[in-house]
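Asker: Chain by chain, the residues:
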Amino acid sequence: MIDLACIRMVWERDVIRYFREKSQLYGSLTRPVLWLFVLGMGLRGSAGQIGDVNYTQFIFPGIIAMTAIFTSIQSAISIIWDREFGFLKEILVAPVPRTSIVIGKGLAGTTLSLIQGCIIILLAPLVHVRIALANIVPLIIVLALLSFGLTGIGIVIAARMTSFQGFGTIMNFIIMPMWFLSGALFPAKNLPIWLNVLVRLNPLTYGVDLVRKLVLGFSYHSPVFDFVFLVGFGVLTTAAAVFFFNRGEY
Amino acid sequence: MTPAIEVARLTRRFKTFAAVDNISFEVNAGEVFGFLGPNGAGKTTTVRMLCTLIRPNSGTARVAGYDVARQQNDVRRSIGIIFQDASLDDRLTARENLRFHAMIYKVPRTEVNERISRALEWMELADRARDLVRNFSGGMKRRLEIARGLLHAPRVLFLDEPTLGLDPQTRSRIWERLLALRQEHGMTLFLTTHYMDEAENCYRIAIIDHGRIIALDTPAKLKAQVQGDLVRLETVDDAAAEAEVKQRYGVEVVRDATGIHFEVENGAAFVPGLLRELPVAVRTVSVRPPTLEDVFLKMTGREIRDDEASNHEKLKGRLKRMGRAWR
Ligand SMILES: Nc1ncnc2c1ncn2[C@@H]1O[C@H](COP(=O)(O)OP(=O)(O)OP(=O)(O)O)[C@@H](O)[C@H]1O
Ligand SMILES: [Mg+2]
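If you're matching them up, the sequences are chains A and B in order. For the first sequence, counting from 1, position 53 maps to 185 in my numbering; every step adds exactly one. For the second sequence, counting from 1, position 112 maps to 113 in my numbering; every step adds exactly one.
Errors might be hidden in some of the hints.
Not close to chain B: a few residues of chain A, all C-beta gaps over 12 Å, as computed [claimed, not checked]:
{"#": "1", "residue": "Leu166"}
{"#": "2", "residue": "Val170"}
{"#": "3", "residue": "Gly174"}
{"#": "4", "residue": "Val185"}
{"#": "5", "residue": "Leu224"}
{"#": "6", "residue": "Val225"}
{"#": "7", "residue": "Val228"}
{"#": "8", "residue": "Ile233"}
{"#": "9", "residue": "Thr243"}
{"#": "10", "residue": "Pro270"}
{"#": "11", "residue": "Ala276"}
{"#": "12", "residue": "Phe312"}
{"#": "13", "residue": "Asn322"}
{"#": "14", "residue": "Ile325"}
{"#": "15", "residue": "Tyr352"}
{"#": "16", "residue": "Phe375"}
No more than 25 Å apart at the CA atoms, straight line, and that leaves these computed lysine-lysine pairs for PhoX-like [claimed, not checked]:
{"#": "17", "chain 1": "B", "residue 1": "Lys16", "chain 2": "A", "residue 2": "Lys221"}
{"#": "18", "chain 1": "B", "residue 1": "Lys142", "chain 2": "A", "residue 2": "Lys221"}
{"#": "19", "chain 1": "B", "residue 1": "Lys299", "chain 2": "A", "residue 2": "Lys221"}
{"#": "20", "chain 1": "B", "residue 1": "Lys299", "chain 2": "B", "residue 2": "Lys224"}
Since the hints were made in silico from the structure, they are not lab data. Every value quoted in this text rests on a predicted model; they were computed, and no experiment measured them. The C-beta atom is built at its ideal place from N, Cα and C for all residues, glycine as well.
Please work from the sequences and hints to get the whole structure.
Answerer: This is how it looks when you write it as structure tokens:
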């Protein structure tokens, strides 16, 4: 099941490609910066204070999570490109267990997502957020956990989708709604019932909540519950990824 | 010795259409075995089943003694494959592509660098080892794929139209090397091709059409099925010429876009009489000894074409370019 050489190969390949393709790096940093500064600053006046923090500070944890979400899913979905451009065949005829390919892909997505996430974390002083030093390592662990779980979703999507036509659709109909409904942009209090239900059903809610706890010091759910939920989410999506990736024909 | 490949009543359908239809054959260990057939005959589908990439609907296949449906990992350990279409990572360098291949095939660490260098040298890519594959020409990519397929010295090597798009010198050099490797390691070669000269390298050939094997024998015996020489006539009215030749000489005639074709015992002696007696004006005439192409023509009434990509392929190519720009 665990083939270290295969995991390393899948991981190293994605990392090499990431550093070679600078446009991807810049592109995926523009989005969070835009959200943070344009939306954050724009709504700051009318949104007022949320607890002890202003609106820009309030969405800062959400922006960190967003970076992790988009980077990891995008990274996993690259399987579609690998299939389209043929490289996937090369890996699939090799004597390596599919599970190891999935794990390698998950670790690659996690690595890239942590790199991008850390860049955003470095912007904290610009929005006057002070993250306690002791919280940095837990924060990275939480982001890693969230990212690994999300690559699982990305792999399932990639395994189910036969071509890249659906790529934009997936982004617009799955990832964006999940992020909007994660409580990253508004406090999950006094919401209409339907919205509250959707927010609470969304696995990202608990990831964002835990990130908020570590960055801003407050959360809407118990951090322990958040953490347990994230671990369960990771296990579940990885299992799903292995299942669907195994079943597909290429 | 167990056969390298054993296929029994293998079938694969896409929806209701049978791409591979109940085929059976065996390939001996160390043999060079060829699949010859036109576009869409089911060659690649067969290879994909034998390589465990898709599952058969029915029938069984064993490669190196292992069942392709039940012992996939053992099969994968025993084979190498050169795919018909691109399977390199073009954002990596040539050397990186080979290094990653060596990694997943567990080539011993101490041998990796030497094997890679040798493979690159042999394919005359040594000076481009550090270049990104996306900057390679089509032929260079093809050569790199071949180098990669051989890197881990597989027991059974599948080659799906391996030398498509390569110049004749390169093709013959590759074949020299493949046959030498077969000698050294007792490697078995299974290839699909449209090229007749490439098919001549095979010990045995299966001619496949519409998913079925319609003939299987050595190249010499297959050609012996076509008696004598082949005459091709292009006339002002092929239909009339066909009827006339049939009636006058009692031979079987095939008519297609390029003219009418038939076999006669001694072509060179036959043609002068034909030209005198045929009432239809003849534009061109040619006579030649039989090739495998003629065997195919005789068995199916159609020619194997390799010059034109099917519409499907063209469309796919266009989509890929779009995707590339968009990525
Ligand atoms: N994934 C698929 N879905 C549907 N039909 C398919 C699929 N793969 C192959 N086919 C069909 O199966 C038939 C055989 O295809 P195959 O690729 O095996 O042909 P081939 O002999 O390799 O042809 P070529 O010389 O063009 O490579 C074709 O009609 C093709 O359209
Ligand atoms: Mg083919």
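Asker: If a hint holds in the structure, say so; if it doesn't, say that too.
Answerer: We went through each hint and held it up to the structure:
Residue-level check passed: A:Leu166 sits 21 Å from the nearest beta carbon of chain B, beyond 12 Å. With a least beta-carbon separation of about 26 Å from chain B, A:Val170 lies farther than 12 Å from that chain, consistent with its non-interface assignment. The beta carbon of A:Gly174 is kept farther than 12 Å from every beta carbon of chain B, the shortest such distance being approximately 30 Å. At roughly 39 Å, the least C-beta separation between A:Val185 and chain B is larger than 12 Å, which holds for a residue marked as non-interface.
Residue placement check: A:Leu224 does not keep its beta carbon more than 12 Å from all beta carbons of chain B (closest about 6 Å). Against the 12 Å criterion, A:Val225 falls within the reach of chain B, whose nearest CB is about 5 Å from its own CB. For A:Val228, the non-interface assignment is contradicted: its Cβ lies about 5 Å from the closest Cβ of chain B, within the 12 Å cut-off. Not every CB of chain B is more than 12 Å from the CB of A:Ile233 (nearest about 9 Å), against its label as outside the interface.
The non-interface label for A:Thr243 is consistent with chain B: the shortest C-beta to C-beta separation is roughly 17 Å, beyond 12 Å. A cut-off of 12 Å between C-beta atoms confirms that A:Pro270 is not in contact with chain B; the least separation is 34 Å. With a cut of 12 Å on Cβ distances, A:Ala276 stays outside the contact zone with chain B, its closest approach being about 24 Å. No Cβ of chain B approaches the Cβ of A:Phe312 within 12 Å, the least distance being about 25 Å, so the stated non-interface status holds.
No Cβ of chain B comes within 12 Å of the Cβ of A:Asn322; the nearest lies about 42 Å off, and the non-interface call holds. Distance check for A:Ile325 against chain B: the nearest CB is about 41 Å away, which clears 12 Å, and the non-interface claim stands. The Cβ of A:Tyr352 lies farther than 12 Å from every Cβ of chain B, with a closest approach of about 38 Å, so its non-interface assignment holds. The Cβ of A:Phe375 lies farther than 12 Å from every Cβ of chain B, with a closest approach of about 16 Å, so its non-interface assignment holds.
Taking the CA atoms of B:Lys16 and A:Lys221, the gap is about 22 Å. The hint holds against a cut of 25 Å. Proposed proximity of B:Lys142 and A:Lys221 is supported: the alpha carbons are some 16 Å apart, at most 25 Å. Distance check on the hinted pair: B:Lys299 and A:Lys221 sit about 36 Å apart at the alpha-carbon level, beyond 25 Å; violated. This hinted pair checks out: B:Lys299 and B:Lys224 have alpha carbons roughly 11 Å apart, not beyond 25 Å.
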